[in-house]
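> Make the full structure from the sequences, and use the hints.
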Amino acid sequence: MNNKEFERLLLSVQKPGRYSGGEINSVIKDKHSVDVRFAFCFPDTYEIGMSHLGMKILYSQFNAREDIWCERVFAPWLDFEEVMRQNNIPLFALESRDPIKDFDFIGFTLQYEMSYTNVLNMLDLAGVPLKSADRKELSPLVVAGGPCACNPEPLADFVDIFFLGEGEEVDLEVIDLYKKHKKMGSSKPEFLREAAKIEGVYVPSLYDISYNEDGTIKEISAQNGAPKTVKKRIIKDLNTAFYPENFVVPFIQIVHDRAVQEIFRGCIRGCRFCQAGFIYRPVREKSAEVINRQAKCLCENTGYDEISISSLSSSDYTELEPLLNEMLDWTQQNHISLALPSLRIDNFSEELLQKISHIRKSGLTFAPEAGTQRLRDVINKNVTEEEILSTCKIAFEGGHTAVKLYFMMGLPTETDEDLKGIADLGQKIVDMYYNMPNRPKGKSVSVSMSVAVFVPKPFTPFQFEPQISKAEMERKQAFLKSCITTRKIDLSMHDSSTSFLEGAFAKGDRRLCDVLYTAFKKGCKFDSWNECFDLDKWNEAFAECGINPDFYSGRLRSYDEINPWDHLDYAVSKDFLVREHKTAVLGKTTPNCREKCSACGANCYGEGVCYEKR
Amino acid sequence: MRNVRIFYEKKGRMKFVSHLDMNRFMSRLIAKAKIPVWFTEGFNQHAYMNFAVPLSLGYVGLYEIVDVKITDDNYSLSQLIDDLNAVSTPDIHFLKATESVMHTKEIAFAEFKLLFDEINTEKLNEFLAQESIICAKKTKKGGVKDIDIAPLIKKAEIKDNKLTLILSAGNENNLNPSLVMTAFFDFCGIEPIYYEVTRTMIYNKNLEAFC
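Note that the protein sequences, when read in sequence, are chains A and C. Going letter by letter, the first sequence gives residues 84 to 697 in my numbering. Going letter by letter, the second sequence gives residues 145 to 355 in my numbering.
Because the hints were derived from the structure by calculation, they are not lab data. Glycine included, each C-beta is placed from N, C-alpha and C at the ideal position. Treat the hints with care, since some could be wrong.
[To be verified] DSSO-like, lysine-lysine: derived pairs with alpha carbons at most 27 Å apart:
#1 C:178 to A:379
#2 C:303 to A:87
#3 C:281 to C:249
#4 A:657 to A:559
#5 C:306 to A:87
#6 C:155 to A:87
#7 C:249 to C:284
#8 C:213 to C:267
#9 A:87 to C:257
#10 C:257 to C:298
#11 A:112 to A:262
#12 A:559 to A:526
#13 C:349 to C:306
#14 A:262 to A:319
#15 A:112 to C:155
#16 A:87 to C:267
#17 A:114 to C:155
#18 A:559 to A:524
#19 A:271 to A:319
#20 C:257 to C:267
#21 A:696 to A:679
#22 A:605 to A:214
#23 C:267 to A:379
#24 A:665 to A:301
#25 C:282 to C:349
#26 C:306 to C:155
#27 A:503 to A:671
[Claimed, not checked] Listing some non-contacts, in silico: residues in chain A with all C-beta distances to chain C over 10 Å:
#28 207
#29 340
#30 618
#31 620
Below you can see the structure in the form of structure tokens.
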């Protein structure tokens, strides 16, 4: 297709900037002078994918090598997909506009389960056979990484290689091995067998799964010399690790349209519902000096007027105050605003609040997650009601009149009392506001409370727990609604049909591949988008495959049941998860990594918080 | 502090960047090039920029204009152009910068070149020769209003499937070439056909280049 024809088609769809490419800092190379072409695919829209830090890191890192050209690919929105299919335009990479089926690697990042149908749809649009077994040639190799790779079994039939853990090193090792085998003319099975020897590489086709009569897994056995367990990779020293000096700066507005500076990986807290808090262990910090230098460089190279620091819990960063002082210095001078997401309630000091309010008055958001102390202890969210109230008080005194609170429902051991606690907490915040003599004059308070449905995830202490049923969720939602008596509280509860699907896919095994394929064939895609999600089609797909999603998400699993992800080693041991689960049920908390080591197993890397001097 | 007018071309992949996105793009470019521009002093401080006439999405522009205020009197305007081009994409190419002479209120006309694969010249001339051309225009408030666009067409010339139009531009009576073409397709009773649009010049009321 010639350029003119392509541009004519682009002008017929919404937001052509999603597909045009040519952004500042996007990388153009001569395709004849590179050895490996890598299509980095984000299985969602441009606006979402371009906001993802992991993609920015790997894109820059791959392209820093002369022999690799990494390009970006996103899921086309419905209107453009229709145009592509009508005009036989295969899925292309934004930089070169070349079809990705001719690339060496097609790599997906798996950020959430609800993007899986988009993975299949993108492969289909690319004109690549969906199943790994049907792709006989060495290339294109379909690879995937990201948090959902910790239980990649529902995609096992489609993906050749999963990268477990952090990709900066292992991805390049695999690319180098590929280069060697491409030159040697190896077959795909030969290459995959060799790749499986690299730590952090999981080749699902090299594992046989057998099942018991009750449907649970009997045995996971490694074939052809593949390791019995595959261990995730981490970057040991973040100070010397690659970090981009440059981001591709989009023309159209994206979700997080700003520079992003990572400050540490992992989280010391160990909240028991939080998968990220376990799979990214151990905590490894970047030094304030490195962060400051990298952040400054990013702002200069992108021209962004906003920078956000990024981590799972920014106020746990050990050098936060000196870092903020340093950063405020040059950001203010250059009219750059500094954003600090992911702050915890319990160590949110007045001084810190003053510093932030210095920059821009934006909304305050807290995540108590549960309504009562008892339940917060169960989930190990170690914040108290007093802390929540006192933080809100500081915020109100600082001139804020709106706070946003995040909760979950359907947590293990939850009772109606706990749900009522959510409403009560909101009421207490409202009451406190009106009891403050020095409250902002003439202004009303607004407390927004958002309540999501809890989805148990692998590699958390709650992986054994069932997810609540849809009927139970509806009852709980109605009950909570009835507990709210003031209009100052704005309660939002999503219709969470998607959470049930998410639960099944999070803890599912490779028998779900057929369900996924069937759902895709029925037209399911963009499942995380309300306007696209079609529960009926999914239910049909499950029924046609003879699989009940409740088997995966709705059942309490015994400690000795073999889970579909038990051959993957994310450094937190199953023993630890069992211990934590037992402690949770007793309503007891576990101290954070800096207070006391709980022997999760993440010290095996010899780095990070486990070896900090205390 | 000087009021500086910057002239640039917008073409290639940049065609797909809307006016709103262009605003953001330009302010980032100015930050990246470290141009000593004046910042507004309000609640939400930002680099002062004023685009003379917005360019529709999908159009190429060869005489695009943005006004800024330069705070450093020793900063030369040729340096400004070099600094901007050094960080820009090839599809936004900066041509020159001058101290502004005319006021943006003086903008009266814009020249467009429309390129067709094939167009019925006879029919087009017949269409343009009408005394009045009534067509429906969307108003800013979201309604639709019938207007006569004939008086807003200053000049129209067709040659080798290329239509040159000089149309009213500016705050009042701005006419987009797509409206002319829509009226033409209606006139002929045919389905719209694809054409490329390039805006080549901005004029004042005496058809002098806006500067």
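> Give a verdict on every hint.
We went through each hint and held it up to the structure:
1. C:178 to A:379: holds, 13 Å
2. C:303 to A:87: holds, 21 Å
3. C:281 to C:249: With Cα atoms ~23 Å apart, residue 281 (chain C) and residue 249 (chain C) stay inside 27 Å; holds.
4. A:657 to A:559: Answer violated: residue 657 (chain A) to residue 559 (chain A) is near 31 Å, above 27 Å.
5. C:306 to A:87: Judged against 27 Å, a Cα distance of about 16 Å means the pair holds.
6. C:155 to A:87: holds, 13 Å
7. C:249 to C:284: holds, 19 Å
8. C:213 to C:267: violated, 48 Å
9. A:87 to C:257: holds, 17 Å
10. C:257 to C:298: Judged against 27 Å, a Cα distance of about 14 Å means the pair holds.
11. A:112 to A:262: holds, 18 Å
12. A:559 to A:526: Not satisfied, since the Cα-Cα distance of roughly 32 Å exceeds 27 Å.
13. C:349 to C:306: Given pair residue 349 (chain C), residue 306 (chain C) holds - Cα atoms ~24 Å apart, limit 27 Å.
14. A:262 to A:319: Answer holds: residue 262 (chain A) to residue 319 (chain A) is near 26 Å, not above 27 Å.
15. A:112 to C:155: holds, 21 Å
16. A:87 to C:267: holds, 26 Å
17. A:114 to C:155: Given that 27 Å is the threshold and the Cα spacing comes to 24 Å, the pair holds.
18. A:559 to A:524: Violated, at roughly 37 Å.
19. A:271 to A:319: Given pair residue 271 (chain A), residue 319 (chain A) is violated - Cα atoms ~31 Å apart, limit 27 Å.
20. C:257 to C:267: holds, 18 Å
21. A:696 to A:679: holds, 12 Å
22. A:605 to A:214: Holds, because 17 Å separates the two Cα atoms, which is no more than 27 Å.
23. C:267 to A:379: Measuring from Cα to Cα gives roughly 60 Å; hence the hint is violated.
24. A:665 to A:301: Between residue 665 (chain A) and residue 301 (chain A) the Cα gap is close to 25 Å, so the pair holds against 27 Å.
25. C:282 to C:349: The given pair, whose Cα atoms are some 25 Å apart, holds under the 27 Å limit.
26. C:306 to C:155: holds, 18 Å
27. A:503 to A:671: holds, 21 Å
28. 207: Given that every Cβ of chain C is farther than 10 Å from that of residue 207 (chain A), nearest at about 26 Å, it holds.
29. 340: violated, 8 Å
30. 618: holds, 35 Å
31. 620: holds, 33 Å
When the structure is compared with the earlier hints, violations turn up for hints 4, 8, 12, 18, 19, 23, 29 and for no others.
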